[in-house]
Amino acid sequence: MQVTCVRIGDSLVVAPEGRVDESTWKDFDSQLAGAVVQASRDGLPTLIIDLSRLDYMSSRGLRALTSAGQQGRTVGVTIRLAAPNEVMREILEISRYDRLFDIDDNVPTSGGP
Amino acid sequence: MIVRFWGTRGVLPVAATAAQVRTKVANALLAANGLDLKSRKDIARFIDENLTFAGRATYGGATSCVEIDAGNSSFFLCDMGSGLREFGLDALARRPGVRGGKYNIFLSHLHWDHIMGLPFFLPASDPNTQIVIHSCHGNAEQALRRQQAEISFHRPFEEWAADFHFITMQAGQDYVIDGMTVTAIAQDHPGASFGYRFTDGAGRSAVYSTDCEHNIDDMYQEDAFVAFFANADLIIADTMYSLAATSSTKENRGHSSNLVAIDLCRQAKAKRLALFHHDPLHDDAEIEQMHEDSLRYEKLSRDGAPLEVLCAYDGLEVAL
Numbered sequence: 001m002q003v004t005c006v007r008i009g010d011s012l013v014v015a016p017e018g019r020v021d022e023s024t025w026k027d028f029d030s031q032l033a034g035a036v037v038q039a040s041r042d043g044l045p046t047l048i049i050d051l052s053r054l055d056y057m058s059s060r061g062l063r064a065l066t067s068a069g070q071q072g073r074t075v076g077v078t079i080r081l082a083a084p085n086e087v088m089r090e091i092l093e094i095s096r097y098d099r100l101f102d103i104d105d106n107v108p109t110s111g112g113p
Numbered sequence: 001m002i003v004r005f006w007g008t009r010g011v012l013p014v015a016a017t018a019a020q021v022r023t024k025v026a027n028a029l030l031a032a033n034g035l036d037l038k039s040r041k042d043i044a045r046f047i048d049e050n051l052t053f054a055g056r057a058t059y060g061g062a063t064s065c066v067e068i069d070a071g072n073s074s075f076f077l078c079d080m081g082s083g084l085r086e087f088g089l090d091a092l093a094r095r096p097g098v099r100g101g102k103y104n105i106f107l108s109h110l111h112w113d114h115i116m117g118l119p120f121f122l123p124a125s126d127p128n129t130q131i132v133i134h135s136c137h138g139n140a141e142q143a144l145r146r147q148q149a150e151i152s153f154h155r156p157f158e159e160w161a162a163d164f165h166f167i168t169m170q171a172g173q174d175y176v177i178d179g180m181t182v183t184a185i186a187q188d189h190p191g192a193s194f195g196y197r198f199t200d201g202a203g204r205s206a207v208y209s210t211d212c213e214h215n216i217d218d219m220y221q222e223d224a225f226v227a228f229f230a231n232a233d234l235i236i237a238d239t240m241y242s243l244a245a246t247s248s249t250k251e252n253r254g255h256s257s258n259l260v261a262i263d264l265c266r267q268a269k270a271k272r273l274a275l276f277h278h279d280p281l282h283d284d285a286e287i288e289q290m291h292e293d294s295l296r297y298e299k300l301s302r303d304g305a306p307l308e309v310l311c312a313y314d315g316l317e318v319a320l
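For the protein sequence lines, the chains are A and B, in the order given. The working numbering applies: residue 1 is where the first sequence begins, and numbers increase by one. The working numbering applies: residue 1 is where the second sequence begins, and numbers increase by one.
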């Protein structure tokens, strides 16, 4: 799956595209793990996952978020979610992941969230 | 094949409180305010058309017990939670004047809430009854004898009149038992648990998979469950918690979520899913909300034929 990764202020912003489902979750999982390592290595305290170009995420994708969150806690990187579309916002609500992660309406253009 | 749910609650039997029932009655009267309901027929139609399930009924509070009825000569049951008591009474009432009978009982595991119904299982008092306990745990007999031993219960296991047999099954092997093919799968649960797939002579199949955690660290192993669920007419799955709960505060408790169950069923091309093993901390409204969330997620995730998502309750019958 297509994932872009850019630094904005003191955050690393990861932006996956398309769907995270049974055929793409392993790649998504791997990309998130790599981003946590990169944020830690670059001394960035926050990893923002830009959901604006994601159409859908299955339970495996959601659990990949949890794995990344657990990995981040061990290296001092906090994960925030940003800019979910209507479907993604509903999935986060149905799964109660809106209680596990802070969700911002927009991706920061500069500085922190 | 007919699947009857005699106990659908997880962990601990519960019952609606007086205050909860009073609230349902008050809400129903408010909803009926101004309507001209003169007959029982009018009232029945109002109840069915105007009240949600949680508003007009209850999911019940007996612990795990599910009957698989494929018209065989013997009874097939999954687990002996507190729902077993009601099943026993119904089984006797279904065959008035007939003594005895054979009961094939399949145990997911030996935790208390899955065996606590046996001391109150009336057919076991009949010397003409044969009870076959099928389990993948080698110590099933010890567990059942221990729960009825003195200090915990007044009537020891040895006093049952019925003829008990214990059979230890191996996961992954097909067993043909009184016309039903039964296969077990190992599941992640403290002390281990096992799911069962039942296939009748006509090829209809139901899977009972409760007390099963699909842990984040084991996502690569879930294909085994997709294969076990493949094309089943009904999957009865442990959906005790939200996905977020199983990934955080309830991790490693041995239970799963509605979203994982839907994804596995969708991949397996199963026809129906029954949400099962409801959290005893959840009231009817919370269980109904989980059902509504599940229906919504099924629509959002659908990529082929729809998956019918039921919410099991004590007394539900599903014809496959």
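Since the hints were derived computationally from the structure, they do not count as laboratory data. Watch out, some of these pointers could steer you wrong.
As a list, the in silico EDC-like pairs of lysine to aspartate or glutamate whose alpha-carbon atoms are at most 16 Å apart [to be verified]: (1) B/Lys-269 to B/Glu-288; (2) B/Lys-271 to B/Asp-217; (3) B/Lys-269 to B/Asp-217; (4) B/Lys-102 to B/Asp-126; (5) B/Lys-250 to B/Asp-188; (6) A/Lys-26 to B/Asp-218; (7) B/Lys-24 to B/Glu-288; (8) B/Lys-299 to A/Asp-27; (9) B/Lys-24 to B/Asp-36; (10) B/Lys-269 to A/Glu-22; (11) A/Lys-26 to B/Asp-223; (12) B/Lys-102 to B/Asp-163; (13) B/Lys-299 to A/Glu-93; (14) B/Lys-299 to A/Glu-17; (15) B/Lys-299 to A/Asp-105; (16) B/Lys-102 to B/Asp-48; (17) B/Lys-271 to B/Asp-218; (18) B/Lys-24 to B/Glu-286; (19) B/Lys-269 to B/Asp-223; (20) B/Lys-269 to B/Asp-218; (21) A/Lys-26 to B/Asp-217; (22) B/Lys-24 to B/Asp-48; (23) B/Lys-102 to B/Glu-67; (24) A/Lys-26 to B/Glu-222; (25) B/Lys-269 to B/Asp-293; (26) B/Lys-269 to B/Asp-303; (27) B/Lys-102 to B/Asp-178.
In this text, all values refer to a predicted model and were calculated from it rather than measured experimentally.
Now for the hints, and whether the structure bears them out:
With a C-alpha separation of about 24 Å, the suggested pair B/Lys-269 and B/Glu-288 falls outside the 16 Å cut-off, and the hint is violated. For the hint linking B/Lys-271 to B/Asp-217, the alpha-carbon distance of about 28 Å lies beyond 16 Å, and the restraint is violated. With a C-alpha separation of about 24 Å, the suggested pair B/Lys-269 and B/Asp-217 falls outside the 16 Å cut-off, and the hint is violated. With a C-alpha separation of about 11 Å, the suggested pairing of B/Lys-102 with B/Asp-126 holds against the 16 Å cut-off.
At most 16 Å may separate the alpha-carbon atoms for a hinted pair to count; B/Lys-250 and B/Asp-188 meet this at roughly 14 Å. This hinted pair checks out: A/Lys-26 and B/Asp-218 have alpha carbons roughly 12 Å apart, not beyond 16 Å. For the hint pairing B/Lys-24 with B/Glu-288, the CA-to-CA distance comes to about 14 Å; that is within 16 Å, so the pair holds. Distance restraint check for B/Lys-299 and A/Asp-27: the Cα-Cα separation of roughly 25 Å exceeds the 16 Å cut-off, and the hinted pair is therefore not satisfied.
Proposed proximity of B/Lys-24 and B/Asp-36 is contradicted: the alpha carbons are some 20 Å apart, above 16 Å. Under the criterion of a C-alpha separation no larger than 16 Å, the hint pairing B/Lys-269 with A/Glu-22 is consistent with the structure, at around 14 Å. A hinted pair counts as satisfied when its Cα atoms are at most 16 Å apart, and A/Lys-26 with B/Asp-223 qualifies at roughly 13 Å. This hinted pair checks out: B/Lys-102 and B/Asp-163 have alpha carbons roughly 9 Å apart, not beyond 16 Å.
Restraint check for B/Lys-299 and A/Glu-93: satisfied, since their Cα atoms lie roughly 15 Å apart, inside the 16 Å limit. In summary, the hint linking B/Lys-299 to A/Glu-17 is not supported, as the alpha carbons are separated by about 21 Å, beyond the 16 Å threshold. Between B/Lys-299 and A/Asp-105 the alpha-carbon distance is near 24 Å, which puts this suggested pair outside the 16 Å criterion. Note on B/Lys-102 and B/Asp-48: the hinted pairing is violated, with a Cα-Cα distance of about 38 Å set against a maximum of 16 Å.
Between B/Lys-271 and B/Asp-218 the alpha-carbon distance is near 25 Å, which puts this suggested pair outside the 16 Å criterion. Of the supplied pair hints, the one linking B/Lys-24 and B/Glu-286 holds, its CA atoms being roughly 14 Å apart against a limit of 16 Å. The suggested pairing of B/Lys-269 with B/Asp-223 holds, with an alpha-carbon distance near 13 Å, which does not exceed 16 Å. Annotation: proposed proximity of B/Lys-269 to B/Asp-218 is violated, straight-line Cα distance about 21 Å (limit 16 Å).
Simply put, A/Lys-26 and B/Asp-217 have alpha-carbon atoms about 12 Å apart, close enough for the 16 Å limit, and the pair holds. For a cut-off of 16 Å, the pair hint linking B/Lys-24 to B/Asp-48 stands: about 14 Å separates their Cα positions. Proposed proximity of B/Lys-102 and B/Glu-67 is supported: the alpha carbons are some 13 Å apart, at most 16 Å. A threshold of 16 Å between alpha carbons decides the hint, and for A/Lys-26 with B/Glu-222 the separation of about 13 Å falls inside it, so the pair holds.
The hinted pair formed by B/Lys-269 and B/Asp-293 fails the criterion: a straight-line CA distance of about 20 Å is larger than 16 Å. Restraint check for B/Lys-269 and B/Asp-303: satisfied, since their Cα atoms lie roughly 10 Å apart, inside the 16 Å limit. At most 16 Å may separate the alpha-carbon atoms for a hinted pair to count; B/Lys-102 and B/Asp-178 meet this at roughly 10 Å.
The structure does not agree with the numbered hints 1, 2, 3, 8, 9, 14, 15, 16, 17, 20 and 25 stated previously, though it agrees with the rest.
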